[in-house]
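Now for the letters of each chain:
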Amino acid sequence: MSEPWADVATGEEAAVYAYGVLTPLLGEKDRNAAISAATAHARARDTARDALAGLDKNPPMPVAYEIPFDLNDEATAKKLAALCEIRLVNVYATLASQVQGQERLHFSQASQECSVRAVLWGQRPSAFPGAGRDQDMIDPSGTASRSSGSLPATSDTPASAPPAPSSAPGSDGATLE
Amino acid sequence: MVSRNIVSRRAVLGGLAGGLAVASVAGCSGPIATFGAPDPDDAALRLTAASERNLIAAYEAAIVAIPTLASDLNPIAEQHRQHLAALGDVESPPSGSETFPAEDRTGTLKALRMMERAAAKERSTAAVAIAAPAFVEIVTRIGASEAGHAAYLTTVAK
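Protein sequence lines correspond, in order, to chains A and B.
Read in order, the letters of the first sequence correspond to residues 1 to 177 in this note's numbering.
Read in order, the letters of the second sequence correspond to residues 1 to 158 in this note's numbering.
To be clear, the hints were calculated from the coordinates, so they are not data collected in a lab.
Note that CB positions come from ideal geometry on N, CA and C, so glycine has one too.
It cannot be assumed that every hint is accurate.
A few chain A residues that face chain B, going by a derived Cβ cut-off under 10 Å, partial list only [stated by the list, open to error]: (1) G20; (2) T23; (3) Y65; (4) F69; (5) T76; (6) G101; (7) P129.
With a straight-line Cα cutoff of 30 Å, these simulated DSSO-like cross-link-like pairs (lysine-lysine) come out [to be verified]: (8) B:K110 / B:K121; (9) A:K29 / B:K121; (10) A:K57 / B:K110; (11) B:K158 / B:K110; (12) A:K29 / B:K110; (13) B:K158 / B:K121.
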């Protein structure tokens, strides 16, 4: 089992990067929300790094990222934001079962915060966020079909992967987990 | 699958396996609970199931009171039914009797939003005391779902 806090640091760093590139494409109101989200993710990343330092472990190495689809307007910016958030819901929900006590509470609450942001960016509400059909929607191949659920999407629903860290420029990248 | 008053951990994991492909059942080879030795996760299981039943009843009452909300609320109610199904065939206390005044759209949405937020908070607290990792994950995802529902309801209200 990998160190849960390392997975958090990796996922949150990816989100910080994503918000950095998507925020300029948003309108003023959404831009403020994106800045708040980026601040929250940076704080979560730093918390994870501090936790790793407390365990005498090094934080994950910095990586470059690939955006999995063309990011060229407000709609795709929101799509990327929602995708990052729902991916983090999956990270936190998975890790919650690997830890105990206050760490579990922290991861559970973090999964909820990400879920809220995902929905506000247009992610279709889901019975099991980040799993099942949500996972279909974040198929790294980008070929997964859109969910056929009956919920109306509040805006465009993510259909492909969040920015994937790549171990080297030009590589195919890796997943957030 | 479920004894009269005892819920086995297998019941939970069976529900998980049917609803999600996320849980490893390795190490959970059989029912943990026996008569006289309740499964420590039973309390969380029953609490969560009862809460889901209450939420389903609340959405159904809201739709009766304000039929124009049906298209927005039915899918959310269905997701709570999926939560309940994932928990397995669990006995729990009868659902509450939430009622909503007819045509109070704003008040109804606000009440549902508060119920979802309370449920999400309840899931986080419950997850801390759960022993079975697969059950922790399902309760965590249910909580994330409910937090998302609360956010969704703010968009419906606009």
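Hints versus structure:
| no. | hint | in the structure |
| --- | --- | --- |
| 1 | G20 | violated (23 Å) |
| 2 | T23 | violated (20 Å) |
| 3 | Y65 | violated (24 Å) |
| 4 | F69 | violated (23 Å) |
| 5 | T76 | violated (20 Å) |
| 6 | G101 | holds (6 Å) |
| 7 | P129 | holds (5 Å) |
| 8 | B:K110 / B:K121 | holds (17 Å) |
| 9 | A:K29 / B:K121 | holds (28 Å) |
| 10 | A:K57 / B:K110 | violated (45 Å) |
| 11 | B:K158 / B:K110 | holds (12 Å) |
| 12 | A:K29 / B:K110 | holds (23 Å) |
| 13 | B:K158 / B:K121 | holds (24 Å) |
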